[in-house]
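Build the complex: two chains, separate frames, hints provided.
For the record, the sequence lines run as chains Z and G. First residue of the first sequence? That's 286 in our numbering, and the numbers climb one at a time after it. First residue of the second sequence? That's 57 in our numbering, and the numbers climb one at a time after it.
Simulated from the structure, these hints should not be mistaken for lab results. Bear in mind that the values here come from a model prediction, so they are computed numbers and not experimental data. Accuracy of the hints is not assured; some may be wrong.
No more than 20 Å apart at the CA atoms, straight line, and that leaves these computed lysine to aspartate or glutamate pairs for EDC-like [as the list claims (entries may be wrong)]:
no. : chain 1 : residue 1 : chain 2 : residue 2
1   : Z       : LYS681    : Z       : GLU537
2   : G       : LYS89     : Z       : ASP702
3   : G       : LYS65     : Z       : ASP702
4   : Z       : LYS967    : Z       : GLU1065
5   : G       : LYS65     : Z       : ASP698
Chain by chain, the residues:
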Amino acid sequence: MSEEKTITIEVDGQTLEAKPGALLIDVTDAAGIDIPRFCYHNKLSVAASCRMCLVEVEKVPKPIPACATQVTDGMKVQTRSPVALAAQKGTMEFLLINHPLDCPICDQGGECELQDVAMGYGSDVSRFVEGKRVVPQTDVGPLIATDMTRCIHCTRCVRFGDEIAGMRELGATGRGEHMTIGTYIAHSVDSELSGNVIDLCPVGALTSKPFRYRARAWELTRRDGVAPHDSVGSNIQIHVRRNRVMRVHPRENEAVNEVWISDRDRFSYEGLYSDDRLTRPLIKKNGAWAEASWEDALEAAARGLRSVAAADADQIGTLVSPTATLEELYLAQKITRGLGSANIDHRLRQSDFRSEGPAFPWLGQSIAELEKVDAALLIGSNVRKDQPLLAHRLRKASLKGAEVHFVNPLGLDLHFDANQVVSDLAGMVHNLAGIAKAAGGSKVLAGRVSVSDEHKAIAKKLKSAGSATILLGNLAQSHPDYSILYGLASSIAESTGAALGILPAAANTIGAALAGAVPKYGAGARPAEKTGLNARTMLESPRKGYLLLGLEPGLDCANPALAKQALAGAECVVALTAYRSPSLEETADVMLPIGAFAETSGTFVNAEGAWQGFGGAVAPLGEARPGWKVLRVLGNLMDLKGFDYLSSEEVRDELQQACAGARPENDLDNTTDGEIQASAGKLMRIGEVPIYAADALVRRAAALQETKDARDAAVARANATVAGKAGVGDGDTVAVVQGGQRAKLVLRVDARVPDGCVWVAAGVPGSESLGDQFGEISLEKV
Amino acid sequence: MSALETLNKDELFTPEIRAEIDREIAKYPEGQKQSAVMAALRIVQDDNGGWLTQERMDEVAAYLDMPPIAVYEVATFYSMYEHKPVGRNKLCICTNVSCMINGSDKIVEHLNNKLGIKWGEVTEDGRFSLKEVECLGACGGAPMMQVGRKYYENLTPETLDSILDELE
Ligand code: SF4
Ligand code: FES
Ligand code: FES
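Okay, chain G solo, but in the shape it has when bound (with noise of 0.2 Å):
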């Protein structure tokens, strides 16, 4: 408790981090603020290449004024929330059901082969790493999977291959 007394919340972050969170913390009522941890970890976790560390985490909770271990429980909930560092591109590969049956398997072995690493691992180049991810409700398309804000849909390995080449 202490230790977060010592963090001055004007020194945390970058000025514009903290008005990108102020701007959550606005949406909620007055007295509220910690509705906007998860939006903070997001754009924390943006600004710190994609993944959050404890210490993040504790500026997150001295910012919001919450317990840290309060923090850690939202960001270690919610599979989205990193802990340990990511490529550049985290490709999040669906293996749920109706991808599964529509060859996800060998989209997994295609990647694993091509790039070197397996699932939770980042390629020496930093470029890419894996992540399993459960139904991402694109079932339509399967098999799938999101990097970053965008789906890719209907993968076979040549697409696959052609898509990680547009991927810096």
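Just chain Z, with the same shape it has in the complex (with noise of 0.2 Å):
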């Protein structure tokens, strides 16, 4: 790149370097010289409307917004000159006006942009006599509290969602003195980042709903952290009073998260405090569950674990959640593998492992790259709901004139423009076969495919684009054929030259495979000296001892009637959990309290690969402990070396150490050529995981469950054609039948499942004894 000209402006007295063309307030904000603003915000388009921002310059007869004004060579500013002072007194006297200055009934009291300005630029009287202006109440759904009497008219909220959420819910209704900001008619704002109109708010017209009337801003202590859900690792900041967790905020960090979240890492914290937190460790005694010491319930555990052990190693399980910190990853691994086994896994969703996929997974790119994609085909995703932020991404590459495909077996509602090409589970794999074919041919099915023209299309994007990537999505790791899935891909980038991508699902996917929570290969993604057996095989054939960590079996697994059969007939199961999930109850012989999300030290690795390490914001609720600890004190009670750590950073160097060199690689030449098992022809489940079904954290969010997203999945979907070959329709209850276990569902007709599928979500309640996510399924009429 060429070394920029810059030019000087003079900034009252202050010498400035300016790139030419830059917005003064930028400038400004840069030297750390203040402007008031409110309209302005550096993430959303210029609407120079609130008109605080105004200052003098030198030359030009009236005082002139900041904001809205480039800065050219010589430039004289001065931004507290009598001029320009009287300009944003009398603006704070206009904002003024119509607010109702009802600061000290409202949320936004302490941490109000229009009190802090009003405070500097403003006047302690106000000439204004007549009546204000009175907006009535409006109920835009359950995360975001409406005033809108205390409303500026700003328009940020507005330009969000034009241009941020790609959904415009909000805009600016009637004129002058009868302007209101809201949806016009009352329905509820469903984006998946609506939550960030409440940061970017200036008053308080715009507060969490959640936390209203909660706590003041001054009481408040805030503590980094890393939000806790999808592989974004979006970075947050955690404010606490008395030990509780109030809300969550956004922490800027450009190459992450920007300086947005997603609703699902704001709001998620509610679900800390539901009832059903395990708070005592509790002991199974004749089928009945009983509180115990901690003394007991780890002597019982380490106990059970051990005589098993004893027998037989192989007969040890170990299960854990891809939301578990590095630190919990690494010792759970440790035990499991010191007491002699190797049956370690973190991929509970997936169910095809005929290839064992990359050691060091990772996007393939770093999270801002995706912005700059050429094109993009996206195999298997919901990358709007599962990832937001990383669908964010995409969208701002899409807006540049970016080509993004999907290959789906759902069309999706999409903030962006994109080509869907939507199919059955078998018809995936067909179409993934013909762009490869259509790309230079593949390893992989290759005698048995027809090209399209659609496939040429986009194997031919693909190999132009400048950049391109492809990228396997939630729904393909949980495929039945994922291998195949995966070995096209590579092939496809490899002929084309696009970087191959996973999506991971989970907060610490990627650090579950560094932390060796992986039967082939240990700590540092390193081969292992003695391979096991992977999530879905510890439970086809049982074993008799499991550990389990951070996981609700009925719900966070690729089949929980397996999962639950399993575990139900095995000698002794210890869960390590935050809740006490039924599914717990109903097989585990041992539960363990460990702290949920901010209540622990540790370490995520999101999806391109960064350590994001955090401190513990609150302590544990009740008895319950960090995880590692627990680990710890299990590790030195079955008398296993190594687990005499001080502190959760001791645990995290060691497994720094055993990471030294290795390097995130999505293999190209992990293809297997084996048979399609999804059945064409059957009646297959669309096993989407939703949004707000993700982890135990977030299915407990009280406000989150109450969201379109959450209310749109407690139903089973499936297109005209399948529910008329059932003998139902639209609004009928339906009973959804796998492997003999039945769940009743309202059907609703939706277009966007294709033909021989029926979308039934799991991770959700009613799913428990259901089978495969992506599996045989039959539709009955009740």
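What follows is the structure, given as structure tokens:
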């Protein structure tokens, strides 16, 4: 890049260097010179409507807005001259004429831009004696509280919806005195990023509904954290009062989440305080749960696992949640391997293990690079709901002209333009094979593929694009033919030069691989000396003893019926859990309460492989203890070597050493030429995990469970043809049957579901007894 | 959003109205359909007895590929779009300065008494409704009112009576 010319301007007597054409407000911000503003936000388009940022510029007759003024060489600016101050003061007075000044009962009080700027630039009395405008209350859903009488019409929220969320839901209706910001017709704001308007709103018009009237800004202690759900690892700030998480805000990190967080990351903290939090250790005695002391419970756990291991170490199986911290995962595998077993896995939702997959998988590029691609092919991904901020990056790429294609088992509601190739599960494999063949041949399924014009066009675009990527999403990873999809994706990547990436499902999916929570690789993603069973085979050939870390077997496994059956038949099941999950109550023998999100220190490795550490923001609830400590004691009680850590940092350092030299790589010649498992011709379940069912914490977040996304998940969906064949219609109650187990659901006729498929969510209440997420299913009238 | 996608553009409105809107769309550069929103709203309003319903606005949004809220913004900004039923003859009385000085108050009072309706109301037979408007640029003929596409100037209670008689 050539060195850009800079120009010189003078602000309040200070000489500043700037790029020609830069906005004055950006230049002064960078120099730490304060200019008040309401409508300006550096991530949004310039509206220049509030006029708060007026400054005096030499040779310009009137004060002009700094947010809409480009700097020019030699410009002389006064931000505090009498003219500028008078303009700012006047604007402030106008902004307040309709403002209710109800700060004492306003949640924004103490962290309000209007308050601050009024203090700094306003006058202490208003000359306005006329009546003030009042806007009737509106309800925009469970997450955002509105008090539109306080609105100053900066339109940040409107521009956010348009430009960032890609869903224009809020708008300014009416005019002049009657202008109000709202949805016009009462409906809820449904974007998965909607909560960001709470941060954007400079006044108390849009505030957090779950947080409403709970605390004052000045009572809160702010602790840095990392969001525990998707693999973005959004940087957050956890606001704490008296050892309780009160709310979550984003923390700026341009490389990861910019300044945004998803609603899931913002509101899931409510799940910390659900009624079924496990706060004391429990032991099952004669089929009934009894509270126990930590000593007894740990003793029982150690004894149980040891006696299984003593008879046959391979009878130990460890299943860990990919939302656990790196330290917990590392210790869980150390215990498992220390006991002589190699049966450990975090890939709970994967069902096809015919090829092992990369040792150290990743996004294939940095998160920020995603917004620079010219073409993308997403395979089996509902990226908008599964990794909302990665979808935001792709959306930016798409707005800049990138072509985005999806090969999916269901049609998506997207917030950017994309081409969606939708088919049943077997069809996905064929479509991908078609693209692979069009791209220059593939080792997989070579002879049996027909290539359509669409396949050719996609392949051509991937080849010709300056920068292209192929991404395998959550749905692909749970697909019965994941290994074939992976092989085809890698073959397309190879022949088109596109970067192959995985969209990891959970906060620490990549961390789990690095920690050695897989049967074939140990810590540092090095090949293990002894290999063992994976998450599926561990359940298909049941073990005698199980160690479970952070999962709900009925909701977190690819096949809950299978999981519960295997666990129920075991001699000893030890569960480290934050919740008294019903499926654990049914199957476990000992439950050890561990700290959930924000209650433990640890590390998450995000999609791009960045290690992001955090401290505990609050102490674990009740008698719960951080998971790494519980595992440490468990290791010691079982006389395993090397469990004398004093802090979670020591655990991390040990793992970090083991990881020295480990490079993320989505290995390209990982091909299998197996048979397609997904049966064509039979009715198959599309067991998508909805956004607010992804893990134990979010499942218990009350407000999120009331959103449209959550409500939409509690139904079965099929297109009109499929529904017609089963003799059912929209709104009917139907039974979905898998392996003799039935669940009753309301049917929605939905054209987005392809032929041969029924969409029945996984991870939601009611799905615990069903079988494979992507398996055969039947639909019956009841 | 998804609710909109289920609306099929070829089934919106009548073929005549679609043709009329298409004529408006054609006045703007390719890809700038939304520029026709004001005209489309007017056409649809005329067709709907002089006022807009939410369904109608949603249809306009779908037809022009706009988010519904963006259509609501336009429809609520301009005072000539109505959001409640109006009479077959919408009497728009100017009460701005020139008209006021020249006695618009009397005109209004006369109408209130004669028709038994106030601002924003419709006579029981649906024949008239009353709307207060700002200066229509005909101050030279104050006081004045607009009905449909026609201006009536230099109003007195007497001329008003004969005008009303002629409006069906
Ligand atoms: S609600 Fe808040 S963000 Fe939206 S326009 Fe009003 S003041 Fe601005
Ligand atoms: S911040 Fe410049 S006009 Fe609003
Ligand atoms: S004041 Fe009535 S037309 Fe101008």
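Are any of the numbered hints broken by this structure? If so, which, sorted upward? Result: no hint breaks.
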